[in-house]
Amino acid sequence: MKFSTIIIGGGLSGLTAGITLAEQGQRVAVLAAGQSRLHFTSGSMELLGYNAKGEQVDCPLDECRSLPASHPYQKIGVENLASYAQMAKKLFANAGIEVVGYETMNHIRLSPIGVLKPAWLTLGDYITANMARQFPFQSVLIANIAGYIDMPTPFLKSAFEKCGVKCRVVEVKTPMLENLRRSQTEMRATNIARVLSEQSAVDQLSVEINRSVNREQAILIPAVMGITDNSIVQYLRRMVTRPLFCIATLPPAVTGVRLQSRLRKYFLSLGGTYMLGSTVREANISSGKILSVAAANLPDQKLKANNYILATGSFMGNGLIATQSGVIEPIMNLDVDAPLDRELWTAENLNESQPYMEFGVKTALGLHPSIDGKTITNLWAVGAVLSGHNPIKLADSSGVDMLTALHAATEIIQTEKNR
Amino acid sequence: MGKKIQNYDVVVIGGGITGAGVARDCAMRGLRVVLLEAFDITHGATGRNHGLMHSGARYVMSDPENAKECIRENRILRRIARHCVEETDGLFVSLPDDDLDYQRRFIKACLKAGISAEELAPDEALAIESSVNPKLIGAVRVPDAAIDPFRLTIANVLDAQMHGATVLTNHRVTGILVESGTVAGVEAESKDGKFTFLAPVVVNAAGAWCQQIASLAGVTINMFPARGALLIFGHRVNHMVINRCRKPSNGDILVPDDIVCVLGTTSNRVPIEEIDNTCVTAQEVDLLLQEGVKLVPSLERTRILRAYAGVRPLVALGEDDSGRNISRGIVLFDHKERDGLDGFITITGGKIMTYRLMAQKATDLVCRKLGVTAVCATATRPLPGSEPVAEPDDDEEVENTMSFAHRAALGRHGTRVEMISEDKPEQRALVCECEHVSHGEVNYAIKELKADSMEKLRRRTRLGMGTCQGKMCACRAASLFSQADGDVERHVSDLKMFLNERWKGIRPIAWGSALSEAQLSAMTYQSLCGIDRINYSSPTDSDKQ
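Chains as they are written, first to last, in the working numbering: chain X, 1 to 419; chain W, 1001 to 1545.
Misleading hints may appear alongside valid ones.
To be verified - Straight-line Cα separation of at most 27 Å, DSS-like style, residue types lysine-lysine; simulated pairs: (1) W:1108 / W:1247; (2) W:1369 / W:1336; (3) W:1504 / X:53; (4) X:173 / W:1424; (5) W:1003 / W:1450; (6) W:1247 / W:1068.
What the hints assert, rightly or not - Partner residues are not named here, just some residues of chain X that face chain W (Cβ under 7 Å, in silico): (7) 40; (8) 111; (9) 112; (10) 113; (11) 117; (12) 152; (13) 154; (14) 315.
As the list claims (entries may be wrong) - Computed spacing ranges between beta-carbons, pair by pair: (15) X:207 / W:1193: 49 to 57 Å; (16) X:355 / W:1193: 41 to 49 Å; (17) X:146 / W:1373: 54 to 62 Å; (18) X:176 / W:1290: 49 to 57 Å; (19) X:352 / W:1485: 26 to 34 Å; (20) X:132 / W:1484: 27 to 35 Å; (21) W:1316 / X:171: 56 to 64 Å.
No lab work stands behind these hints, which were simulated from the structure alone.
Predicted, not measured: the structure shown is a model, and the values here were computed from it.
Beta carbons are placed, not taken as given, at the ideal position from N, Cα and C, and that holds for glycine.
Extracted from the complex, chain X is given alone in its bound form (with noise of 0.2 Å):
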C-alpha cells in the first residue's frame, strides 16, 4: 500500500496533521493502536497556562516567545504559532466542532475538583470564566445524576463560592437512570453517555432539572452526555429552563471521545484511510529515509509513503518505554533525550517538575528526528513524543500537539509541492 504520508499515531497530534493534509488532497493513513490521550481529557485544549515560573499566563502567544530553545514552540518558529493556532480553530470548525476562546487571550475553565485553570479552546458546552476569574452567573444549580462519583460536588461547590458564585448541589434521578445503577459499576461516565443518547431519557432528566432548579441563573451538569457529537446537549438545553452548561469529570471524558470520533470521522470523510489496531512495529531505514513501515496487525504488508509522521505520544502512549536501564523510542530506536541512569527520572515529590515528562524524541533539525546523530529527512515527530517540554507544569500539550502537527503537515505539503 502507497500512501503520500503515513501517520503513526490516532491521537489529537496524528489527526491533525492527517486533516490537514487530507484537505489538501493528500493520499493520508493514519495507523492507530487504540485509546488515545483525549479520552482523559477535559473538553478544553491549552497552548500555555503558565510560564517557566509557574505563574499564570494571560496571553499565551505573548508569552511563547521567552520559552527555552528546547521547546517545540521554539523548534517550528514562534512567529509562525499564531498560523497555525487560527488554522488548529478552523480545522475544529471544520470538523464540526464548536469551541470557544483565543490564541491571544487564555480564559479559564473549571477542573473536575474546582481549580480554575488557563485554557485556550474549551468545548462550547462547557461553563468558563474570564481570566479575573469571574463566571457569567451569580448562582449556579449543579444537578449531579444520582449515584455518579466522578463529579466531586463537594470541591466544585466549594471552587464557585470561592468565587462569589452561590451554588447549590442537587441529585437528580430518572428511571432509565436508576436502572443502570443496579450494576455496581455501571455509573461510568461513557455508560450513562450511551443512556443519555436517547430522547426519551433525556426528556425524563430536564423534567426533573426543571423541577429541581430554584432561583438559580444557570444549571450545571455533568460532561456525560453526547459521546459522538453534542446534538443531544443541545437537546437537553432546549428542553431546561436555564442556560445549561458542562462541568469536565474525571475519565473517562466522554467529550475527549467525543473529539477523537469527531476528528477521525471528519478524516475518514476527507477520504484519509485510519487503520485502527495497527501498532507500527518497525520501519524500514536507508540511507536516512525511511522506505516502508510495518504494522503489527498487517504483518505481510509493507506500508509505503513519500513521507512519515511519528505522534505515538509520550510514555503513556507507548512512544516512549522506559526499561531498567534506558529510554527508547520502540519503532525506530531514534535518538532521544533522556539520562541512561533511572534515578534522574523522577522527583521525590510528585507535585514537582518530574524530568520524565520532559522526555523524548531528540530533533536538532526542524522536527526531524534522528538514529545515533544521523537525520531521518522524511520523518517529523510530532505532538507528545517530541522532548524539550513540560505539559503539566506548563499546560502546553494540546497545543503542542496540534501546532507541530500543523508545521508537519505545513512542511509535508510544500516537500510535495516541489516534488
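Please arrange chain W on chain X, whose structure you already have, making use of the hints.
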C-alpha cells in the same frame, strides 16, 4: 477531644501489631489501658513487611528456639485470626546453585522443632506450584501461610476497644513522667493540644522507635534497626509461599497476598537517625529483582506495582552489620531490674508471627507490677471477625448471593461484614474497583474504624492499594469524606498527600508500565484536575511520611 489529664492503669506506646496486641491483652485482663500512636496503626514495620505467616522454617537453622515459638503461634493464629490468614503452605526450593545437603539438614531441623517438612521431588513441586523455577533440584513443603498484617492489627485494636481500651492515633509521646524512680505516666501531643496520661505502668512497644521512647525516660536501649526493602507485583504469580532453601539472604521469599504478591527482602543496618526514611533505592530494587527472578522466572515479565521498606526493631547484641544473624527473638526489658526505673517496660524484637506471645509476656509483667492475677486468654479467644460461624452451609448460600464487593469486605472484616449495609444503591456503588471497596465499606471504615484520612482508609480497607494505585478511587473517596464533614480544604489536601505517598512507592520502580501509569495518573490529577496548583495548609500534616 478528651480531658487534658487522664488516668489509666497502663499506657501502651506504639500502634503496631505489638502495641495493639498488648492493649488487647491488658484490656481483656480488665486493665484500664490507653494506646498512643504517633501516626496511625500499622504505620511502622507492621505495615511494611511480607505478610508472611512463618511456620518457623526460615529460622530453623539459625535460631531453633525462635522457630519453635513461630510454629506454636502459627497454630494459634490459624484459630484466633482465621479471617486474616490465607492457608497457602510454603515451599523451600533448592536451585542448582544451592546445596542439597543444606536441604537435608533443614528438613531434620524442621522436624526436630515440630514443623512438618515434606520433601518433594522437583516435578512434584512444579505440579503444586508451577511458578517456581523449573530448574529446581529439590523442594520441601512446610506450613507457611499468608497473613494480612493490617487486618490483624485492626482486629486487635477493635477487640481492645470492645474491652474498654482507649486507642488514640496521631498522638505523639513527648515525655515520660518519672517521680522518684518510678514512672507516673506520659505526656503526648496531638493536633488538639497537649495531654497527660497518668498510669503506674508504661509499655514501650514503639518498634524501631523504642530507643527514642526509652531515652525520654532516661533509659538507654541500643536498637539495631535493620531495613528491609520489598517489591509488590501487580499479579499473584504464585499460590504458595516460596522460599529459597539456603541461608536467609536477599530477595529469597515470595509471598502471595490476595491478588498480588510480595518479594522480599533486603537486610541492612541503618543508623537510628534514618529509621523514618522508608524510600527504596534503585540498587535495592535491582538486587531484589535479580535474586527474585532466579526463584520465580516469570517475575521478570510481571508488572511491579511499588517498592517499600520497613525497619525491623531488632536489638543490638553482637557485631553483625546486616542484622541477619541477630536473633529475631522476643526482647522484654523490665527497666526496674535493668535500669532501676520501676513501671517501665520495653517489648520489642520478635516478629508479627509472635506478636501475641510478646503481648502475653509484656502483659504478664504489667500484671505482676500491678498485682493483678487475671490470666491471659488471647490464645483461645478469637479476634473480632474470626468468631466461629454457626451454620456454615447456610452461610455459603448467603455468600453466593453477595456482590463482589461484599465478598471482598467479608475477607477484610470477617464476620463484622454484617455491619456493612448493602441495602441502598449508594451503599453498593464501588469506590475502589481494583480492591472492590464499596461506598458502604468506606462508610463503615469512617464510622466504626475511625478512618478520618485517606491513608487511614487505605490501611482499613485496601482502597488505593490495587493495580491502579488510587488513580480512580482516591478522588472519589476524598469527595465522600468531604460529603461526610464538609471540610473540603482538608480533604483535598489529604488527597494530594495520599497521591504523593503512593508516588513514593512507585518512584523506585518507575520504568515500563509503572512509569506510563504514573504519567497517566499525573495527567489526570495534575494536568486535568490541577491538584498540583492547590496549596492549603492542612491539619492532617501529622499523617505525613
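Contradicted hints - numbers only: none
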